[in-house]
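A.B. asks: Residue numbers (UniProt numbering): 1 to 451.
Derived by calculation from the structure, the hints in this document are not laboratory data.
Please note that the accuracy of each hint is not assured.
As the list claims (entries may be wrong) - Simulated pairs of lysine to aspartate or glutamate, EDC-like, Cα-Cα distance not exceeding 16 Å:
1) K444 <-> E312
2) K417 <-> D439
3) K380 <-> D439
4) K380 <-> E353
5) K355 <-> D340
6) K411 <-> E17
7) K18 <-> E59
8) K6 <-> E35
9) K281 <-> E269
10) K417 <-> E373
11) K6 <-> E62
12) K380 <-> E398
13) K411 <-> E373
14) K421 <-> D405
15) K32 <-> E17
Unchecked claim - Between beta-carbon pairs, the in silico distance windows are:
16) E414 <-> Y49: 38 to 48 Å
17) D29 <-> K400: 25 to 35 Å
18) I67 <-> T39: 28 to 38 Å
19) I67 <-> V36: 47 to 57 Å
20) N256 <-> K55: 43 to 53 Å
21) G223 <-> N436: 35 to 45 Å
22) N237 <-> E312: 19 to 29 Å
23) N257 <-> R60: 17 to 27 Å
In this text, a Cβ means the ideal position worked out from N, Cα and C, and glycines have one as well.
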Amino acid sequence: MTSIFKDINNLPIDDKEKVYLLNFFTNRDTAKVGEVLSTIVKNEMKANYLREHVKSLREREEEKRKIREMEIKYEEEKNKRRHCEVLLDATNHSLSRLWETYNPTRDGVLWFEPSGRSLSFDSPPTNDKESFYQTYFTTNIITQLDNDFVIAVDTHGKKFLDGKAPDVCTHSKGYSLTQHTVEVIGEIKPLGSCFTPINKGQVLQYATIALKHQKNVRKEITGLPVQLDNLIASTTNSTIFSIVNDKSCVVKIVKNNYCLENEIRILNELQHYVSDEGIIKLINSSTTAIQLRPRAIQSFKESREPISRLAEIVDKLRICHQFKLVHCDVRLTNILVCNDKLILADFGCALHEGKYWNGCGPTLPFRSLRLMEAKEQTIKCQDDLFTLTQSIYIHLNEEKVIEADINSPNKVDEAIKFWRKVFEEGIWRDMFISCNNLDYDNLKRYINELV
């Protein structure tokens, strides 16, 4: 029997407490505790020391347990969100497809099943009196509803831009309509009949808030000499609109200042060197938005174009790389389809080769294998080829990637192992070698061979 257990047995305490202390120190490192006890002469002081020591350790262990539980819950929530990204390659242009493929319940704000048609918020009043907004909403908006649900809901939190509700949706279950619900969750969905006197007042109150916000935003939303028309696409960082009387351009409103300023800088630099119809063009810019050409209405991810066509994008990347510009986010959602052409778009995360990676760009599992394995987290042209190749593999083998469960930020090692296995043999091995060697021509040839 070691010294500490002898000390416990000799202490002037009851047997129940002795058993508790003996159990507590069993299978624990008691060396330091034993050293302290050896310096204490009185048994009462030894007992008090052990009680305080055990209490302190218990508190620290409980704190660690709680922190670990919070970390696990946090990772579970992140995995739910990342699962959605893996399923659809960050599908942000098609809310209806998102609903069909994956059935999320809440992510910041609630997600809703898309409605068949949008409410028209054209020409809202600009008067400061609330009564004008109430009259407008009652006569122009409520009359458009064809069911018992208020469907003026914007799931992306963009409020109401340029007189339109871009993602108007319905939701048949959930929270009752209260002011608290509207402010915290962003939902308008009363239970039962929505136009009882009480609910009608709540609807009008929310409509007043929304329309007043819209009135203030419309004047400064783009800073460009154009009038926004219909919503084309939306992501967590940007919103893209068509332009009234202009079928060749779009306006991209960017929430992240760094991405906006960086995209303007990169596109200006690239256009100084070269003009290519397969690379998005910057036409105009402001402090909140950019005007781009051409106008495309879908990404390659949403299209039914054959994978072999992505060989065209390799040529566009080669052009960028000639000027040491690395796109850094060559996912299929950032490749647009416009008439018969593919367009490389979204240069918000682009960097010059050799720059330190700042975290902007695709999450796992799309992040370049080379970058994940690199000791120095500096960007290289190879990263574009790897991200494109990995995106193609995910597009063709979606179920395998979902099963691999490599979509959370803390699973870099698992992602590396997964991609290493993918690139072990066959055509993917050949494509891996082409990416590493910046062999654009052979990479194009292998992409053309993919089914």
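A.B. asks: Take the hints in turn and mark each one as holding or not.
C.D. replies: Here's how the hints hold up against the structure:
{"no.": "1", "hint": "K444 <-> E312", "in the structure": "holds, 8 Å"}
{"no.": "2", "hint": "K417 <-> D439", "in the structure": "violated, 24 Å"}
{"no.": "3", "hint": "K380 <-> D439", "in the structure": "holds, 14 Å"}
{"no.": "4", "hint": "K380 <-> E353", "in the structure": "holds, 5 Å"}
{"no.": "5", "hint": "K355 <-> D340", "in the structure": "violated, 35 Å"}
{"no.": "6", "hint": "K411 <-> E17", "in the structure": "violated, 45 Å"}
{"no.": "7", "hint": "K18 <-> E59", "in the structure": "violated, 20 Å"}
{"no.": "8", "hint": "K6 <-> E35", "in the structure": "holds, 13 Å"}
{"no.": "9", "hint": "K281 <-> E269", "in the structure": "holds, 11 Å"}
{"no.": "10", "hint": "K417 <-> E373", "in the structure": "holds, 10 Å"}
{"no.": "11", "hint": "K6 <-> E62", "in the structure": "violated, 28 Å"}
{"no.": "12", "hint": "K380 <-> E398", "in the structure": "violated, 27 Å"}
{"no.": "13", "hint": "K411 <-> E373", "in the structure": "holds, 13 Å"}
{"no.": "14", "hint": "K421 <-> D405", "in the structure": "holds, 15 Å"}
{"no.": "15", "hint": "K32 <-> E17", "in the structure": "violated, 21 Å"}
{"no.": "16", "hint": "E414 <-> Y49: 38 to 48 Å", "in the structure": "holds, 45 Å"}
{"no.": "17", "hint": "D29 <-> K400: 25 to 35 Å", "in the structure": "violated, 45 Å"}
{"no.": "18", "hint": "I67 <-> T39: 28 to 38 Å", "in the structure": "holds, 33 Å"}
{"no.": "19", "hint": "I67 <-> V36: 47 to 57 Å", "in the structure": "violated, 27 Å"}
{"no.": "20", "hint": "N256 <-> K55: 43 to 53 Å", "in the structure": "holds, 48 Å"}
{"no.": "21", "hint": "G223 <-> N436: 35 to 45 Å", "in the structure": "holds, 43 Å"}
{"no.": "22", "hint": "N237 <-> E312: 19 to 29 Å", "in the structure": "holds, 26 Å"}
{"no.": "23", "hint": "N257 <-> R60: 17 to 27 Å", "in the structure": "violated, 42 Å"}
Of the hints listed earlier, those the structure fails to meet are numbers 2, 5, 6, 7, 11, 12, 15, 17, 19, 23, in rising order.
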